[in-house]
Each structure stands twice: as structure tokens, then as C-alpha cells.
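A.B. asks: Chain residues, written in single-letter form:
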Amino acid sequence: MAELKKNEKIIELIDLTRQFEDGVVAVDNLNLYIRKGEFVTFLGPSGCGKTTTLRMIAGFDKPTSGKILLNGEDISLLPPNKRPINTVFQRYALFPHLNVYDNIAFGLRLKKIKVTYKDKNGNTFEKIEKLKKAEITKKVEKALKMVDLEGFEKRSVSTLSGGQQQRVAIARAIVNEPKILLLDEPLGALDLKMRKDMQLELKEMHKKLGITFIYVTHDQEEALTMSDTIVVMKDGIIQQVGTPTDIYNEPKNSFVADFIGESNIFSGTIVGDKKVRFIGHNFDCVDEFEKNEKVDVVVRPEDVVLLDEGKGQVDGKIVSSIFKGVHYEMIMMVGKTEIVCQDTVERKVGEKVSLHIEPDLIHIMAKEFSSNKYDGYITKKNTVCFGDGEFECDVTQLYPGSFLDEEGYLITAEGDKIDLTDVDVNVEVGLKDIEISDDQDAGGAIGNIVSMIYKGDHYQLIVRTDENEEDFVFDTEYTWNENDRVSVIIPKEKIKLTLKQEIKR
Amino acid sequence: MTEQNTQKSEQKHRKFRIAFSRKQLCIPYGLFLVLFVVFPLLLIVFYAFTDADGGISFDNFARFFTNTTTLSTLLISMLLALATTIICIILAYPVAYILAKSKLNKGGTLLMLFIMPMWINFVLRAMAMKDLLTLLGIFRFNNYLNVIIGMVYDYLPFMILPIYTVLVKMDKSYVEASKDLGASSFQTFRKVTLPLSMSGIASGATMVFMPTMTCYVISDTFGNGLVTIIGKLIDEQFTTFQNWNFGSAMALVLLVIMVISMWITGSFKSENNARGTNI
Chain A
1 MAELKKNEKI
11 IELIDLTRQF
21 EDGVVAVDNL
31 NLYIRKGEFV
41 TFLGPSGCGK
51 TTTLRMIAGF
61 DKPTSGKILL
71 NGEDISLLPP
81 NKRPINTVFQ
91 RYALFPHLNV
101 YDNIAFGLRL
111 KKIKVTYKDK
121 NGNTFEKIEK
131 LKKAEITKKV
141 EKALKMVDLE
151 GFEKRSVSTL
161 SGGQQQRVAI
171 ARAIVNEPKI
181 LLLDEPLGAL
191 DLKMRKDMQL
201 ELKEMHKKLG
211 ITFIYVTHDQ
221 EEALTMSDTI
231 VVMKDGIIQQ
241 VGTPTDIYNE
251 PKNSFVADFI
261 GESNIFSGTI
271 VGDKKVRFIG
281 HNFDCVDEFE
291 KNEKVDVVVR
301 PEDVVLLDEG
311 KGQVDGKIVS
321 SIFKGVHYEM
331 IMMVGKTEIV
341 CQDTVERKVG
351 EKVSLHIEPD
361 LIHIMAKEFS
371 SNKYDGYITK
381 KNTVCFGDGE
391 FECDVTQLYP
401 GSFLDEEGYL
411 ITAEGDKIDL
421 TDVDVNVEVG
431 LKDIEISDDQ
441 DAGGAIGNIV
451 SMIYKGDHYQ
461 LIVRTDENEE
471 DFVFDTEYTW
481 NENDRVSVII
491 PKEKIKLTLK
501 QEIKR
Chain B
506 MTEQNTQKSE
516 QKHRKFRIAF
526 SRKQLCIPYG
536 LFLVLFVVFP
546 LLLIVFYAFT
556 DADGGISFDN
566 FARFFTNTTT
576 LSTLLISMLL
586 ALATTIICII
596 LAYPVAYILA
606 KSKLNKGGTL
616 LMLFIMPMWI
626 NFVLRAMAMK
636 DLLTLLGIFR
646 FNNYLNVIIG
656 MVYDYLPFMI
666 LPIYTVLVKM
676 DKSYVEASKD
686 LGASSFQTFR
696 KVTLPLSMSG
706 IASGATMVFM
716 PTMTCYVISD
726 TFGNGLVTII
736 GKLIDEQFTT
746 FQNWNFGSAM
756 ALVLLVIMVI
766 SMWITGSFKS
776 ENNARGTNI
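Chains A and B are the protein sequences, given in the same order. Sequential numbering from 1 applies to the first sequence in this note's numbering. Sequential numbering from 506 applies to the second sequence in this note's numbering.
No lab work stands behind these hints: they were computed from the structure. There's no promise every hint is true.
List time: in silico DMTMM-like cross-link candidates among lysine to aspartate or glutamate, alpha-carbon distance up to 25 Å [unchecked claim]: (1) B:Lys-677 - A:Glu-185; (2) A:Lys-324 - A:Asp-258; (3) A:Lys-82 - B:Glu-681; (4) A:Lys-82 - B:Asp-725; (5) A:Lys-432 - A:Asp-405; (6) B:Lys-608 - A:Asp-22; (7) A:Lys-252 - A:Asp-102; (8) B:Lys-608 - A:Glu-21; (9) B:Lys-696 - A:Asp-61; (10) A:Lys-252 - A:Glu-290; (11) A:Lys-145 - A:Glu-204; (12) A:Lys-455 - A:Asp-273; (13) A:Lys-111 - B:Glu-681; (14) A:Lys-294 - A:Asp-273; (15) B:Lys-674 - A:Asp-102.
Based on the provided sequences and hints, a complete structural model is requested.
C.D. replies: Printed below as a string of C-alpha cells:
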């Protein structure tokens, strides 16, 4: 990166939007610039808009609104053949009726350049000419050498292996000396070994050529290996832009954390100055957040240190251990939460262990809080226990079309009889669906009001229980006092239940 | 003793049991092929190389290649077929191209409209066309022109369909790649789309050229009885003149011409197919 001309923007996307005819917004108001000579990767799951963005840069797709600037000039309406940009296609798109040489020479033969001549009188004049045959041959040979395919000129492209076709496709693009090379998941069709080799070769090629590479992939490892800059996308919106190290170590939100590498993601609450509570323990951390803020906590499996029982911060039990070559991947259960950890020392399944996480390895991200989510279970009486309380609920929502018989068993629409006792469920309660009362017997759970924030036209309150410090967050129009002791009331029909896993019948 | 007997009879039984596999399923068609294709073909060869008395002779071929009437009829048939094929290509390609690219042709409804004439009895179609041409006043200019119009009208769908199929199946990324490499829309058509659709043109040409050489119903209807093509000549030998030997010889010559033309267009196709698969 040091030899790059600093901050020279080669391409800039301004408010770029692409909406398809069926109303789907593939790219939503995208703003991004790419520096000259950079290796940029668009990373995201399929359907995130990365390919559409690439196609708009190439010119195959026209933006619904917004601009694409190339060296400061708007090119968004220019047809693809007028852009100094070349593409390596996902399935190569090598012309089957041409041999390797003709495929690579395709672009060169169309190229017209200005040649300056001098006539007898010494006047110079310019003529627009096609490239000379010898020149084309020279360039094609150079490109073939670059991709290690010397001597393949006469071969028909259908006789080439996947890897060789890939190389021809790259040669066909770079031979035109584009300002930007676009690569649309070019390694997707290759096997793992070949892909690894090609990754390094592409990286090498990028260094040698000095062309700006824009690379599209859904493979996070590929993105981390090759890129100078990664652009993580989801639903047509950029989630994070940064270097591979930034993206891996400091993911901006839980989506990025989950998409890049393996990670444990917990819901947590800030309980004090640089203190965060998750999996039932208050951890020290380094990020500063508002007290009582709901956050996502990300911990990489390799950052969880396993110690003997009682020696760490939280105790738990190993429930699974898989040998992965260099390390063991183990799953530790703390209460009802699974924590994935990696260690070179194996812990046996069933062993009681304790975990320790260093403060700077706990990554905390702000979370948009839209509803309360809890882990719960169904009781014998078909009520649900969560948040240190027991609430009446409608269990028939777990199976559409089901009903309860006189003995309290659930009869599904297919006529199966299910005993729901002790079944684990996810519980969701909306912010507007909770009421509180001074009468401590009125509701299902009891706690203290720990926070009350005025939000324009209503207050947002948090009630925290004593035992497990579970929080109930909700909106209300009434004022209360902090530290009031109240009971939490949730109407039966407002408790949304989903099964954690399918019940065995 | 009795045990041995039963064993033997069991073995006999086994011999007669047929394992019903895919090979056996071919038997009915195999028989059909031998009876109605191979055997008649051999008969034609036999008749072509014998004279009226049954002795082996090459007179039939000598007569064919020395007689100006037969030779000129063959030439005219070939020219008519060639003209028909070329006009069909010129008319069918744009239609197929537009159908393949058009958003209106979702589910192939438009294509169906172009193909539908094939479902109507072609003698009926030919008569109707003739009446229409007469009505329009085009019919009186030239009998050969009439025949060509009739043949193009009749065989156009056979040209549209294979070209359309090739164009629809063609990977759009080829066109994109071509434009990406700097080709304009016209250059892309000339350098990528057209060469890649040659296989469709070739199979269309085969499907038009060969039948038009022999389909004398159309030449009779549209030619006012004044245009004779090779198919008609063969028919006359078998029906009017009862000279099966000469008729067979002509049929054999035609067969050879067909095989050669197949081979020419086929070489186009196979080359393209081999290169075009799975890329």
C-alpha cells in the first residue's frame, strides 16, 4: 500500500441505487470510493447486492439513481464497451468458437489507438489505427506468460481444465490493460487446492500489474487472504469497510462478526463503567457504552481460554469436542448457552471447566433494540418460564392448527399428541406489550426499575430481576421512579413462542 | 432319478426365460428398421443396378448423367432448394433473434404463433397460399418465383425453430464479455452471436434444403404444372412410365447428394457443438 499514490480515488460510487423491475432493491444508496491500485473485495452472502454493484461498474446494469465516477467523470450511462474496465466472469464466458489466442486477442483486435506520423514536410498528423498484428501477438504472448500458459495459443478452450480456462479468462481481461479489473467470484468453480493457489497468484498478479482490482466473493477466507480493503455488504447496504484485520478484529455489528470467521455472539447488557454482563457474569471490557444499553457481545472461539473448574470467570460443562487438525473445537455449556472454544489441549466431553476471556478480546457492538428476547421452557401447567418468572401463555402457537386436550396435551393438526413439559422455547415480547404494577402478585416476575429514559413522547423503562438479573425493556406513557419494586405483567396473547428445536414424537 | 429330471427341466426353463432389459426394448424398432428402411433401401440399390430383364447394368446411371432433361431438372431442383434455404435464413434469423431476446415472448407464446402453420395440413396450406397470391396479383409473374414463395412459406418454421433454440440457450455472458472487451453491439453480433448460432442455421438449412429438393406437391401447386423438380421426375418413373430401375437410380443419386449436403452442414454443427459444450 505504501507505493500507492495516496488517496487518489480511481472510482467513486455516489448514492448508487439499483431497483429491479419487480421492486427488489438490490443496491441501496451506496457510497464508496476506491483508491488507485487497491485490491478491494465486496463480501457478502448471495443476494446482498455485491454482484449488482460490480455489474453497474462494468456497465451491464444501469443504476436507478446515483452516479459512478471514474477519475472524477460520470460513467454511469456509458455502455460497457466504452469503459476502460474489464471483467473476469464467474463462469469465465470464454468464446467457445475461438481458440485461446483468438479469445485473448479479441479485445486487442477491436482497439483503436492514435498514432502520430510525420509527413515529408515535417508536419505531424494523427491517425486512428487498429493495432498491428505483430503487436497483438506480442501482447497476447506476454499475457499468456503472465498466467503461465505459454504454448496454449492454438488450443480450443473446451479442451482446457477449469483452472486453465480461469487463467485464459484473466489473460483475456488484463491484456487490454484496463484501469480497473473486475472479478466476479472467479474462483468459485475451482476445487479447494486450486483455489488456494489461484488466490496467491492473483495477489501476485495484482502487485505486478498495479491495476485496481475489484473482487466479488462470498468466501470470507478468500476476502481476508487477498484484499487490501474489504467491503462487507448485506441487503444492498454496506455494513463495514476496512482492512482485513479491522474487519476481523473490530466487527461493527453482529452480522459482520458472524459472517467473518467463527464467533460466539451473545446478547449482553452494560452494567457499569466498562463492565458488560452476559452468560450470567459481569465481564470487564474495554469499550465504553451507556449504562443499561443492550449490546451484542462477540467473542472469537480462539479467544476463550479454558481452565479447570472454579479457576476462571464462569463455570460450565464440555458437551462436544471435535479434533480439527491443529486444535480441538469444543462446545461448552453455561446454563442454556453454548460457547464454542478452540484449544490445543483437549477437554473430555462431560468435563467441568471454567472459562476466562481477556477484556480486550470481548468485542461489544451497539444493538438496535426492538424486542425482548429470552430463553424459556414450558412447564407442566402449559405456562412458560423465562426472565425469572412464570407467565401464562398460548402454547398452541408452537404448532399451527393445534389445540389442547382435557389432560393438557397438545394435539397437532395432524392429530399427534405432544407433551410440552420442559420443552425449550425462544420467547419474544414486544416493547409495547409489557405492563408493570405495584401489586407484586399481579404479574409473572418481580424486579426493580433500573432505568427510565424519556424518548420524546414516552418513557423507556428497564425492570431488572434479582436472581439472574434478567431485563424487561418496554415503553410506557406513565412515569415511575427508579428503584421502584414492581411486578411484570404480560398479556397471554402477547408472548410469542418458537421452538428451539423440533420435538421428537 | 426323479430328482435329476426335475433339475434338468428347471435348467431348460431357465434357458427360455428372457431377462427383459433395455436391449430387448429395441427389438420392435429394430425389426421395423430392417423391414421398412434397410430392406427397401437394398431394393432400390438392386433396381438401380439392374435393367428391365434383371441383369446387372449401369445403363440407368449412364442415362441419368447423359440426359439433359434429368440433369437440368436436378440442377433446377438444387437451385430452387438453395434459393429457398437462403431466403429462409434471411427471413428466419431476425425473427428468431427478436423472439429469443423479446420479453413479450415469455413462455413462448409469440414463438407458437410462428410455429403454428406447421400444424395445418400442408397441402391445404399450399392451396390457400396460392389463392392468396393470385388475389394479390403476385402469382402471374414467374412460375419459379411462385414455387420459391410457396416453399419459403412452407418451410420457414423449420428454419426459425432451430435458430431460436440456439439463441435462447446461448449464455448471455458471451455477449456481455464481448461488450466488456470493447465490441459494439454490431461487432458483438458479428463476432460472437452469429458464429455461435451457426449450428442452428446449419440444422435449419438441413431441414429446409433436403425436403425442398423433392417436395413436388408445392412445385405442382405453385408452378402451374410447368416447374418440374427431381422428386416429380422420380415419381413419374414409378407411376407413369413404370420404369422402376431408372427411378431407383435417380433416387440413389439424390440420396448421395443428400448425404453430401448433410456432411457439409453437419461438419459445421459438430465443430460448434464440440466447442460449445459446458463452458
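A.B. asks: Could you run down the list of hints and mark each one as holding or not?
C.D. replies: Right, here's what the structure says about each hint:
Restraint check for Lys-677 of chain B and Glu-185 of chain A: satisfied, since their Cα atoms lie roughly 17 Å apart, inside the 25 Å limit. For a cut-off of 25 Å, the pair hint linking Lys-324 of chain A to Asp-258 of chain A stands: about 20 Å separates their Cα positions. Of the pairs offered as hints, the one joining Lys-82 of chain A and Glu-681 of chain B holds, with about 13 Å between alpha carbons and a cut-off of 25 Å not exceeded. For a cut-off of 25 Å, the pair hint linking Lys-82 of chain A to Asp-725 of chain B is broken: about 56 Å separates their Cα positions.
With a CA separation close to 32 Å, the supplied pair Lys-432 of chain A and Asp-405 of chain A exceeds the 25 Å bound. Proximity of Lys-608 of chain B to Asp-22 of chain A is assessed by CA-CA distance (about 14 Å); at most 25 Å being required, the pair is judged to hold. Between Lys-252 of chain A and Asp-102 of chain A the CA atoms are separated by roughly 47 Å; this puts the pair beyond 25 Å, and the hint is violated. Restraint check for Lys-608 of chain B and Glu-21 of chain A: the C-alpha separation of about 13 Å stays at or below 25 Å, so the hint holds.
Simply put, Lys-696 of chain B and Asp-61 of chain A have alpha-carbon atoms about 22 Å apart, close enough for the 25 Å limit, and the pair holds. Annotation: proposed proximity of Lys-252 of chain A to Glu-290 of chain A holds, straight-line Cα distance about 17 Å (limit 25 Å). As the CA atoms of Lys-145 of chain A and Glu-204 of chain A are separated by approximately 14 Å, the hinted pair is consistent with the 25 Å bound. Among the hinted pairs, Lys-455 of chain A with Asp-273 of chain A is consistent with the structure: their alpha-carbon atoms are about 23 Å apart, no more than 25 Å.
For the hint linking Lys-111 of chain A to Glu-681 of chain B, the alpha-carbon distance of about 17 Å falls within 25 Å, and the restraint holds. Among the hinted pairs, Lys-294 of chain A with Asp-273 of chain A is consistent with the structure: their alpha-carbon atoms are about 14 Å apart, no more than 25 Å. In summary, the hint linking Lys-674 of chain B to Asp-102 of chain A is supported, as the alpha carbons are separated by about 23 Å, within the 25 Å threshold.
The earlier numbered hints that this structure contradicts are 4, 5 and 7.
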